[in-house]
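Respectively, the protein sequence lines represent chains R and B.
According to numbering that gives the first Met the number 0, the first sequence is numbered sequentially starting from 0.
According to numbering that gives the first Met the number 0, the second sequence is numbered sequentially starting from 0.
Just so you know, these hints were derived from the structure itself, not from any lab.
A portion of the hints provided could be inaccurate.
So, partial list: chain R residues that the calculated Cβ filter (under 7 Å) puts toward chain B [what the hints assert, rightly or not]:
1. G43
2. M718
3. L725
Taking CB as the label site, the calculated pair distances span [as the list claims (entries may be wrong)]:
4. R:S219 <-> B:S130: 53 to 59 Å
5. R:T282 <-> B:L51: 26 to 32 Å
6. R:Y449 <-> B:L51: 38 to 44 Å
7. R:L409 <-> B:D89: 50 to 56 Å
8. B:N126 <-> R:T792: 48 to 54 Å
9. R:V653 <-> B:S130: 16 to 22 Å
10. B:R131 <-> R:E772: 29 to 35 Å
Footprint (simulated), chain R over chain B, 3 or more residues, beta carbon under 8 Å [claimed, not checked]:
11. 53–59
12. 84–90
13. 109–115
14. 135–142
15. 145–155
16. 170–178
Where is the CB? At the ideal position from N, CA and C, for every residue including glycine.
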Amino acid sequence: MADSKTLEQATPAVAVPREAPAEQALRIIGTPQRKVDAAAKVTGQTAFADDIELPRMLYAKLLRSTAPHARIRHIDTSKAVTLEGVKAVITGKDVPIPFGILPVSQDEHTLCPDTVRFVGDPVAAVAATSEEIATAALDLIDVEYEPLETIATPEQAVRTSEPRIHDYGPTGNIHKLIDLEFGDIEEGFADADHVREDYFFYGGNTHLAIEQHAAVASWSPADKLTLWSSTQTPHYVHRAAAKVLELPASRVRVIACPNGGGFGGKSDPFNHEIAVAKLSMITGRPVKITLTREEVFYCHRGRHPTLMWVKSGVTKDGRITGMHFKTLLDGGAYGSYGVASAYYTGALQTVTYHVDRYKFQGARAFTNKPPCGPKRGHGTPQPRFGLEIHIDKLAEDLGKDPADMRLEHLVPPDSVTANYLKIGSMGLGTCIRKVVDGAAWRDKFRKLPYGRGVGLACSSYISGAGLPIYWNNMPHSGVQLKLDRGGGVTVFCGSTDIGQGSDSVLAYIVAEVLGVEVADIQVVTADTDLTPVDLGSYSSRVTLMSGNAALQAAERAREIVAGHAARKLDVPVDRVSFAENRVFDVEHPDTGLTFAEAVQVAEAADGTIGTIGSYTPPRSPGRYRGAGVGPSPAYSYSAAIAEVEVDPSSGIVVVPRIWIAHDVGQSINPVTVMGQVEGSIYMGLGEALMEEMVYRANRNLVHRIPSMLDYKSPTTLEMCDVVTYLIEDPDPNGPYGAKEVGQGPLLPVPPAIANAIYDAVGVRVDEVPMTPEKVLKAIKAKAEGKEGRYGPTSFPDVAWPEPIRVPTPWEGGDGKAAAAEGQGGSAADGPSPASEERQH
Amino acid sequence: MASRRPDAPSKHQIQLVVNGEPTEVLFAPHKTLLEVLREDLGLTGTKHGCELGECGTCAVLLDGTPVLSCLVLARACDGAIVDTVESMADGPALHPLQEAFADLGAAQCGYCTPGFLVTAKALLETNPSPSRDDIKDALAGNLCRCTGYLKIYEAVELAAAKMRGEQVEPSDESIYGRQ
Numbered sequence: 000m001a002d003s004k005t006l007e008q009a010t011p012a013v014a015v016p017r018e019a020p021a022e023q024a025l026r027i028i029g030t031p032q033r034k035v036d037a038a039a040k041v042t043g044q045t046a047f048a049d050d051i052e053l054p055r056m057l058y059a060k061l062l063r064s065t066a067p068h069a070r071i072r073h074i075d076t077s078k079a080v081t082l083e084g085v086k087a088v089i090t091g092k093d094v095p096i097p098f099g100i101l102p103v104s105q106d107e108h109t110l111c112p113d114t115v116r117f118v119g120d121p122v123a124a125v126a127a128t129s130e131e132i133a134t135a136a137l138d139l140i141d142v143e144y145e146p147l148e149t150i151a152t153p154e155q156a157v158r159t160s161e162p163r164i165h166d167y168g169p170t171g172n173i174h175k176l177i178d179l180e181f182g183d184i185e186e187g188f189a190d191a192d193h194v195r196e197d198y199f200f201y202g203g204n205t206h207l208a209i210e211q212h213a214a215v216a217s218w219s220p221a222d223k224l225t226l227w228s229s230t231q232t233p234h235y236v237h238r239a240a241a242k243v244l245e246l247p248a249s250r251v252r253v254i255a256c257p258n259g260g261g262f263g264g265k266s267d268p269f270n271h272e273i274a275v276a277k278l279s280m281i282t283g284r285p286v287k288i289t290l291t292r293e294e295v296f297y298c299h300r301g302r303h304p305t306l307m308w309v310k311s312g313v314t315k316d317g318r319i320t321g322m323h324f325k326t327l328l329d330g331g332a333y334g335s336y337g338v339a340s341a342y343y344t345g346a347l348q349t350v351t352y353h354v355d356r357y358k359f360q361g362a363r364a365f366t367n368k369p370p371c372g373p374k375r376g377h378g379t380p381q382p383r384f385g386l387e388i389h390i391d392k393l394a395e396d397l398g399k400d401p402a403d404m405r406l407e408h409l410v411p412p413d414s415v416t417a418n419y420l421k422i423g424s425m426g427l428g429t430c431i432r433k434v435v436d437g438a439a440w441r442d443k444f445r446k447l448p449y450g451r452g453v454g455l456a457c458s459s460y461i462s463g464a465g466l467p468i469y470w471n472n473m474p475h476s477g478v479q480l481k482l483d484r485g486g487g488v489t490v491f492c493g494s495t496d497i498g499q500g501s502d503s504v505l506a507y508i509v510a511e512v513l514g515v516e517v518a519d520i521q522v523v524t525a526d527t528d529l530t531p532v533d534l535g536s537y538s539s540r541v542t543l544m545s546g547n548a549a550l551q552a553a554e555r556a557r558e559i560v561a562g563h564a565a566r567k568l569d570v571p572v573d574r575v576s577f578a579e580n581r582v583f584d585v586e587h588p589d590t591g592l593t594f595a596e597a598v599q600v601a602e603a604a605d606g607t608i609g610t611i612g613s614y615t616p617p618r619s620p621g622r623y624r625g626a627g628v629g630p631s632p633a634y635s636y637s638a639a640i641a642e643v644e645v646d647p648s649s650g651i652v653v654v655p656r657i658w659i660a661h662d663v664g665q666s667i668n669p670v671t672v673m674g675q676v677e678g679s680i681y682m683g684l685g686e687a688l689m690e691e692m693v694y695r696a697n698r699n700l701v702h703r704i705p706s707m708l709d710y711k712s713p714t715t716l717e718m719c720d721v722v723t724y725l726i727e728d729p730d731p732n733g734p735y736g737a738k739e740v741g742q743g744p745l746l747p748v749p750p751a752i753a754n755a756i757y758d759a760v761g762v763r764v765d766e767v768p769m770t771p772e773k774v775l776k777a778i779k780a781k782a783e784g785k786e787g788r789y790g791p792t793s794f795p796d797v798a799w800p801e802p803i804r805v806p807t808p809w810e811g812g813d814g815k816a817a818a819a820e821g822q823g824g825s826a827a828d829g830p831s832p833a834s835e836e837r838q839h
Numbered sequence: 000m001a002s003r004r005p006d007a008p009s010k011h012q013i014q015l016v017v018n019g020e021p022t023e024v025l026f027a028p029h030k031t032l033l034e035v036l037r038e039d040l041g042l043t044g045t046k047h048g049c050e051l052g053e054c055g056t057c058a059v060l061l062d063g064t065p066v067l068s069c070l071v072l073a074r075a076c077d078g079a080i081v082d083t084v085e086s087m088a089d090g091p092a093l094h095p096l097q098e099a100f101a102d103l104g105a106a107q108c109g110y111c112t113p114g115f116l117v118t119a120k121a122l123l124e125t126n127p128s129p130s131r132d133d134i135k136d137a138l139a140g141n142l143c144r145c146t147g148y149l150k151i152y153e154a155v156e157l158a159a160a161k162m163r164g165e166q167v168e169p170s171d172e173s174i175y176g177r178q
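Sequences and hints are given; from them, build the entire structure.
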């Protein structure tokens, strides 16, 4: 499709900031549009993975472990294979190669070969002519387990060296230890007028996408595998499937179906995906699996339960002289994204309020529970909860209004933080002022009657991770464009629409550049055979990265068509304009061609018209080991004020309204931006008040509530009103200035509610979820003259490694670790696929 | 389509009217209405989120009333009138609720959308001018993880107004936020 000329043009380059075409006002970008898939979704025509039916299809079920931690002594499948209708039964020995999303954590198996690590870990898979028969066959498989000691909590993991859940990691059941120090932290506290320490705990919760994960595999006699799946990351599934199944990647085609919600829960390659592929290869028939809701709770990869300690020093004249943050993450049974998650619990504290010196220590522990991973906000809602309450407490200590305190400390735009994150546009000040005015903060804070209160919190999030999950120097997103002589344009991109509207963003941008209607654009996405790689729908990267790739491809197409149209019309090329499906002379708008005619002129001269675009994020200034997590082409900012009503007799917290201002850079489509903001508020509200993954430590560590009835999430009756302000402070790195919106607005919600509870009833709930029981305990404690607080009071001893010391930019640092430090230095420069500093 | 277990009883047959069409269907007797719609009648517009009656995703109209099709045994539906999301559009013309959901982004991932649409349709047939609280009450059994429900309320209100013959457009605040 692309000729050699355009291929050369597409050589991966560092990000080039682009402006909108200057000669005309934007027609599509920034105006409300229907999503390109809206009609299909409201008529029930969208085909999700479980909607696929193929001739001769078989149905698969997984047998899952009933033991939380055990060796598999023996598996007997002989009875199951004889059941009429059963076509194949496989166990761990049939798929022995491990996989995992991160190169450093290849610790998962399709089916456990020798050890099970949580209740729900799969040990065998059956394919049969019906789901009923497959389920019946599971009952005929005998597994003999030899129990091992169960590790229930990260505190237990820290002090238990044997047995180890995995045989890798720095020690015992610690998966990852991080110790980074930017500037001398003790000096920072010595410089302070006031120092305070706080403990926080953020409970685990899960994505609860309404669509259960499903996958269909079809092995063709031509030795090619096709795998349809409800995945956010078809490229990573492609890599994992090829590896485990020992197939050339060129013989594996992964198609991500539209996701019925993702939120990070469909970002890992999963064992059920590989299992149906293997079963299809064995039987020669298509095989489908759809997880039950209970199984989705076992797949999990949700929010890491995180214990936190933070100590900050501040001066009366408004400086944070030092901040020391410690986190302990409950990782569950496997690595998943956990190394990145652990880094993220320490990465973004510095991008909202300027910190002179910063120290971060993070530990991730293995426990015998479903693995934790990336959930909306990935690793940052937990520290943001702690930080924003901590700031609220510091403001009270100093007698300052919390809004003023934050405004005093804002990180300046176009600056570099203590941990070497490059900030571009920074609209947080505008966000704070918007919600302070909108919510009438000055009339309410500390002035409402007992039982009612307001709380403020802020946040920031990345617009895409600056580095890929596996080390490579190729683009993060690619687009191919095909121009049809009928005037249609097809966009091919590996990006995956999980409901956020990424398919639509591609169409809007291409239509804008080429002056055609959105309906003239066809979008083909998320198919590893047909589309160039996009790394996936995670880290809020898609609008910025695939949007920039689409913009580049469209501008190249425009240039080709404009050149030929100029020749045909006999006008200088800089007078050629594109609008209303026409290509015309701006000085004599009647002189022109239809867009289709212009494509035909170009095609007659050049042959088939196709272009490509690519996007690679700019290089980050950080050069120390661990500098790979946190950099982003652009940071979004949010400020939120929550109003609460607390019933002091029951501890029940009701949130009538939240005001949120979000700095999105530029809305590509304001309707979908509003939807992302409101959806984020909703999910933050659920995390703040009710959502929690709970396990029974005394009963085999089984999940207490693997159902949607008992896992409480907000219904229409709990959802609050939301007043949204969209702040548009365009970032030069975003397409048309756009930054992320899908994750950032969740982050300020839990701490804003916590701060509002304090304003309402004078007690601190330093733990999520803030259930009525916890609120009531704090209220009762206060009534008894004790500290009016619910939350953790200690942090276990962790054998931290020697810190990697990095001088700050204002100390003359160059982003590298100080020379005395052994393993840092230029580590981030080395293209080692196994080194975790490269992972986002 | 799917094979039976060796000990499975004979298939059951019923007659019903599905989306306006008289239909005869033969199915394994334990099947729910959800399974018969999706697997035996090919009507995959109706989705499932739990198959335990917890999420509202599989809602369909049974004789005009929203029910959770995962909790209804198909064999109990002999002679019933069943309407799914596939029945809402009038030929190529979308139902006003479908138009409003599309215009306001009330369908993000779209997975829960069919359940919300048929439940809202039943509401508007009995209450053409529902208050915001009426809408919340009617939709309280449907879970949505994407939207936070707000765009869904606005879409139901917009559709209701249009169905009453009013000339209305979405408010600027719902599209652009508050200024």
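- Please verify that hint: R:L725, Cβ, nearest Cβ of chain B, below 7 Å or not. Since chain B brings a Cβ to about 4 Å from R:L725, closer than 7 Å, the hint holds.
- For the pair R:T282 and B:L51, does the Cβ-Cβ distance stay inside 26 to 32 Å? Check passed, 30 Å falls within 26 to 32 Å.
- Taking the beta carbons of R:L409 and B:D89, is their distance inside 50 to 56 Å? Taking Cβ atoms as reference, R:L409 and B:D89 lie about 54 Å apart, which means the hint holds.
- Message: Range first: 48 to 54 Å. Now tell me if the beta carbons of B:N126 and R:T792 are that far apart.
- Response: holds (52 Å)
- Are three or more residues of the segment 53–59 of chain B within 8 Å, CB to CB, of chain R? holds (count 3)
- Apply the coverage criterion to the segment 84–90 of chain B and chain R: a residue qualifies when its Cβ sits closer than 8 Å to a Cβ of the chain, and three qualifying residues are needed. holds (count 4)
- Task: Go check the segment 145–155 of chain B versus chain R for me, would you? Three or more residues, Cβ under 8 Å, otherwise it fails.
- Result: Coverage by chain R holds for the segment 145–155 of chain B (7 residues, Cβ < 8 Å).
- Task: Return holds or violated for the Cβ distance of B:R131 and R:E772 against the range 29 to 35 Å.
- Result: holds (31 Å)
- Query: Do R:S219 and B:S130 keep their Cβ atoms within the hinted range of 53 to 59 Å?
  - Reply: This hint holds: roughly 56 Å between Cβ atoms.
- Verdict on chain R covering the segment 170–178 of chain B, where coverage means 3 or more residues with a C-beta closer than 8 Å: holds (count 6)
- Count the residues of the segment 135–142 of chain B with a beta-carbon closer than 8 Å to any beta-carbon of chain R: does the count reach three? Per the Cβ count (7), the hint holds.
- Message: Hint R:M718 vs chain B: min CB-CB distance below 7 Å?
- Response: holds (5 Å)
No hint from the list above goes unmet by this structure.
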